[in-house]
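2 protein chains.
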Amino acid sequence: MHQTAVARCVDEADLKAFIRRALVAAKIPEEDAAIVAGLMAEADAFGADGHGVIRLPHYVRRIRAGGINTRPNIRVVRERSGQALLDGDNGLGHLVMRRAAELAMEKAAEAGVGWVGARGSNHAGPAALYARMALARDMIGLYIAVGNANHLPPWGGTEMLLSTNPIAIAVPSASRPPIVLDMATTVAAYGKVKTLLQRGEDMPVGWMIDREGEPITDPRRANDGFLLPIGGPKGYGLALIFGLLAGTLNGARFGRDVIDFNADQVTPTNTGQLIVAIDIAAFIDVATFKAKVDEVWETMKSSPLLPGFDEIRLPGERAARTVAERKAKGIPLHPELDRQLRTLADELGVAPL
Amino acid sequence: MHQTAVARCVDEADLKAFIRRALVAAKIPEEDAAIVAGLMAEADAFGADGHGVIRLPHYVRRIRAGGINTRPNIRVVRERSGQALLDGDNGLGHLVMRRAAELAMEKAAEAGVGWVGARGSNHAGPAALYARMALARDMIGLYIAVGNANHLPPWGGTEMLLSTNPIAIAVPSASRPPIVLDMATTVAAYGKVKTLLQRGEDMPVGWMIDREGEPITDPRRANDGFLLPIGGPKGYGLALIFGLLAGTLNGARFGRDVIDFNADQVTPTNTGQLIVAIDIAAFIDVATFKAKVDEVWETMKSSPLLPGFDEIRLPGERAARTVAERKAKGIPLHPELDRQLRTLADELGVAPL
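Residue numbers (numbering that gives the first Met the number 0), protein chains in the order written: chain L, 0 to 352; chain Y, 0 to 352.
No lab work stands behind these hints, which were simulated from the structure alone.
In this list, chains with the same sequence are indistinguishable; a pair is considered to hold if it fits within one copy or across any two.
With a straight-line Cα cutoff of 20 Å, these simulated DMTMM-like cross-link-like pairs (lysine to aspartate or glutamate) come out:
no., residue 1, residue 2
1, Lys300, Glu158
2, Lys300, Asp256
3, Lys300, Glu211
4, Lys300, Glu316
5, Lys191, Glu41
6, Lys191, Glu335
7, Lys191, Asp223
8, Lys326, Glu316
Okay, chain L solo, but in the shape it has when bound (with noise of 0.2 Å):
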């Protein structure tokens, strides 16, 4: 393992102007540029940190190499009164699903619950990001994507034909910062993997095996091997169901068809997601349910703690005092990812970060 070099902080504010003027540079409309900066610089506030900005060059490449269309037409293919199958037209992923979770509230207030997919998309950064976008409407927010390379075999089996699908689910508190869970379905999210290697340091046993069954510790030699399932045949039980909702059910790309958007910048990816808003009020009375949510988090901090451990940990409870410590003290860039930033403003002609 490496030691992490000192990283210097940004203000979200700047990180989201550098991430729009790249982005109309890269030739995407402002307005466009603007939301989608906004929620990329979101996603590093809240400390998504393999999910925001480190993903801009990767981004920019895409649409270069004609990959991304920058002026979709974003639109409503199926409709009824509770769900909606939208058609993102290969924009990028955050005008896609930004546009599903309002439509997914607006259905959910008036038929309870809106359940929006999207076939056409593309990566749309942290899957918090857009459950997360329920909080505010009392509403609770649920989001599934079909991940864009493949990085888990079937249990059992040595071939990659799942990716990591993700699901996040955010539930509003009272006084408490809302639960927020977001996990991959394996033991690690390959953005994670990614983060390590751009670190240069080491993952811990138990994220990786090769094709033998043997740990894999070095992110260098991750194409040796893939990541590990949570619970085994569960995890992997989860990634193939979510590829289904997410990804088949909207006719989208999943399994074998899916395009590694590492490895090809320019085939439409047709990226599958969905999101769930689920209208509290529909249920029960609001307050009622947020002291409740306040009082299960407060039921959990009370447990005595195993051997080894120094506190309960609730869902979301880190992201919130990441979102915290960074809106006072700005968003750390490792220096790896500030020097690649560097990098993609001198070829955009743009002012650097």
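Position chain Y relative to chain L; hints supplied.
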């Protein structure tokens, strides 16, 4: 580990008839007894050995203690086009969730998606029983429940504040068996621990730990520790979120409030469950979808194998094999269960199985 004794096999129809007469003798109305008996025998037929007839002595004990309402008024409390909340009026869980599944499918046929939550319910058997109901209508079914006893601490804690809160998702296919995932958020469901206890067999390492973090393998020592969640904090996060969705959102018990139905036969459990039906036709042509699911099945099967494995299995594949086998040869009854059911028949004054 003890040697497993030879089990005799009984027909599903005979098993259903026995459960029915036992429930009727326990003062469940004829029609309701037939419904519950059919669902319980079906659970055994597809291999949910921890959640079928093995639970009958417990149900009868609870009914006779006054802990179950034998004449429940199961009713819709709140409702919108894509959603409803049922009050089960402390009836048998099978009656409540069958009604919930039917309502969810009715709603999905109109709104595209139907999300029905229940409070005032009780243990309803295996999660897959209700998710599977959607298959015949070319829908996807999803079921989540709050378990009826807490066996899981929050991650890093030692107080059992969470249940194994299972999820089941059923997806129809064309010529292959449906893909049906039915999993606890723990490495093993508590029902499996009970089954091994009854059979006098040991648990594998990794199912449970004691309060010092040491493995427990003797199911008779189950009370000295707790189940382990899948993927550590991830499984804990899923159990927590599933509890909020199936319990708190429905006004049902969750967390420290859960009534341990093993220790207390009288207090209404106020069990929370939810079922979601998704109408495939709202998203995509049904035949196209089912053909794609077959293709996904075949793709997964085609993967080369890791050392030590002899096949790739799809979720639901083993259940499909078990159903076929048990329809042909009958359902094996472990001698200890057989003995318990004979005792029950004596107590109730009904003909034994």
